[in-house]
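Enquirer: As given, the protein sequences belong to chains A and B, one line each in that order.
Everything in the first sequence is counted per my numbering, starting at 1 for the first residue and increasing by one.
Everything in the second sequence is counted per my numbering, starting at 1 for the first residue and increasing by one.
There may be inaccurate statements among the hints.
Claimed, not checked - Straight-line distance between alpha carbons at most 27 Å, and here's what the computed DSS-like set of lysine-lysine pairs gives: (1) B:110 / B:135; (2) B:135 / A:12; (3) A:110 / B:110; (4) A:135 / A:65; (5) A:12 / B:12; (6) A:135 / B:135; (7) B:65 / B:110; (8) A:110 / A:135.
Said to hold, decoys possible - From the derived model, a few chain A residues whose C-beta atoms are all more than 10 Å from chain B: (9) 34; (10) 65; (11) 82; (12) 110; (13) 111; (14) 114; (15) 143; (16) 144.
Worth flagging that the hints you see were computed from the coordinates, not collected in a lab.
All C-beta atoms in this analysis are idealised placements derived from N, C-alpha and C, irrespective of residue type, glycine included.
There are 2 protein chains.
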Amino acid sequence: MSGGRFWQQLEKGQVGDSVPLAQALDEIPWNADGLIPAIAQQHDTGEVLMLAWMNREALEETLEKGRVCYWSRSRQQLWRKGESSGQVQELREVRLDCDGDTLLLQVDQKGPACHTGRRGCFYNRVRDDRLVVDKPVLIDPASLYGK
Amino acid sequence: MSGGRFWQQLEKGQVGDSVPLAQALDEIPWNADGLIPAIAQQHDTGEVLMLAWMNREALEETLEKGRVCYWSRSRQQLWRKGESSGQVQELREVRLDCDGDTLLLQVDQKGPACHTGRRGCFYNRVRDDRLVVDKPVLIDPASLYGK
Numbered sequence: 001m002s003g004g005r006f007w008q009q010l011e012k013g014q015v016g017d018s019v020p021l022a023q024a025l026d027e028i029p030w031n032a033d034g035l036i037p038a039i040a041q042q043h044d045t046g047e048v049l050m051l052a053w054m055n056r057e058a059l060e061e062t063l064e065k066g067r068v069c070y071w072s073r074s075r076q077q078l079w080r081k082g083e084s085s086g087q088v089q090e091l092r093e094v095r096l097d098c099d100g101d102t103l104l105l106q107v108d109q110k111g112p113a114c115h116t117g118r119r120g121c122f123y124n125r126v127r128d129d130r131l132v133v134d135k136p137v138l139i140d141p142a143s144l145y146g147k
Numbered sequence: 001m002s003g004g005r006f007w008q009q010l011e012k013g014q015v016g017d018s019v020p021l022a023q024a025l026d027e028i029p030w031n032a033d034g035l036i037p038a039i040a041q042q043h044d045t046g047e048v049l050m051l052a053w054m055n056r057e058a059l060e061e062t063l064e065k066g067r068v069c070y071w072s073r074s075r076q077q078l079w080r081k082g083e084s085s086g087q088v089q090e091l092r093e094v095r096l097d098c099d100g101d102t103l104l105l106q107v108d109q110k111g112p113a114c115h116t117g118r119r120g121c122f123y124n125r126v127r128d129d130r131l132v133v134d135k136p137v138l139i140d141p142a143s144l145y146g147k
């Protein structure tokens with residue numbers, strides 16, 4: 001909960017107070033792999049679509065281009081969301097939390113965000129002593145990835 | 001994106017298919033510290049309140065008691081949300097994502113979720129080349145924590 005001095009100072013801010021973005025990026029406490037988690041939320045419905053990770057390069061590209069780019073931990077490379085599937089995330093808003101260690105992205109997601117072809121990744125719901133799939137596949141992933 | 005075989009199998013599930021929850025908990029790919037990120041979303045407004053971390057014990061307690069318990073990385077102990085501030089999170093729903101490596105909690109948050117006394121933690125918004133505080137403090141944190 002308690003971040004560095006920079007974030008503790010910003011905590012005391014009133015509405016409208018601000019700091020230079022470049023300085024904030026320098027103060028993000030990137031994890032040991034140089035990453036920060038990013039939550040993507042559909043801007044108009046509020047649905048939480050997915051959580052993925054960004055390094056500084058991915059975040060800077062996202063801010064610059066207005067289209068979301070993550071860091072793929074499995075492929076160890078920049079992951080321009082939708083570059084193979086066409087299901088891009090247009091960026092509407094970026095927020096950092098109180099400690100500067102999590103991003104919240106408001107996005108406009110074209111089609112399914114999830115690689116399974118579902119709208120979002122959180123389709124497994126706990127119900128009593130079971131984990132239940134409760135969201136449908138919208139598009140066959142084979143057609144999304146051209147396999 | 002590509003999780004273990006258990007999650008890959010579950011990906012293929014139709015709506016209504018399920019697996020035992022105990023098995024799913026065994027298959028969560030806890031990180032090197034034994035943790036998984038948990039997003040807390042206010043169940044009725046859709047506001048993303050915060051992201052924190054859970055170990056297996058915290059998740060099991062949360063499921064059992066219906067009140068959210070995290071793992072505090074700074075204090076290295078179970079963190080029963082609201083135990084010192086009174087600002088508890090009643091649990092409404094728990095979801096796991098496609099890879100089983102992120103939790104999405106629907107909660108009913110009493111008062112501020114953020115230790116700064118703001119409703120949620122994501123009060124720092126990127127606007128052009130500035131990071132701007134755009135949410136007010138609702139309760140003086142000194143009164144929340146009795147300092």
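Enquirer: Confirm or reject each hint.
Expert: Hint check results:
no.	hint	result
1	B:110 / B:135	holds, 17 Å
2	B:135 / A:12	holds, 11 Å
3	A:110 / B:110	violated, 34 Å
4	A:135 / A:65	violated, 31 Å
5	A:12 / B:12	violated, 48 Å
6	A:135 / B:135	violated, 33 Å
7	B:65 / B:110	holds, 16 Å
8	A:110 / A:135	holds, 17 Å
9	34	holds, 15 Å
10	65	holds, 14 Å
11	82	holds, 13 Å
12	110	holds, 18 Å
13	111	holds, 16 Å
14	114	violated, 6 Å
15	143	holds, 15 Å
16	144	holds, 12 Å
Of the numbered hints listed earlier, those contradicted by the structure are 3, 4, 5, 6, 14.
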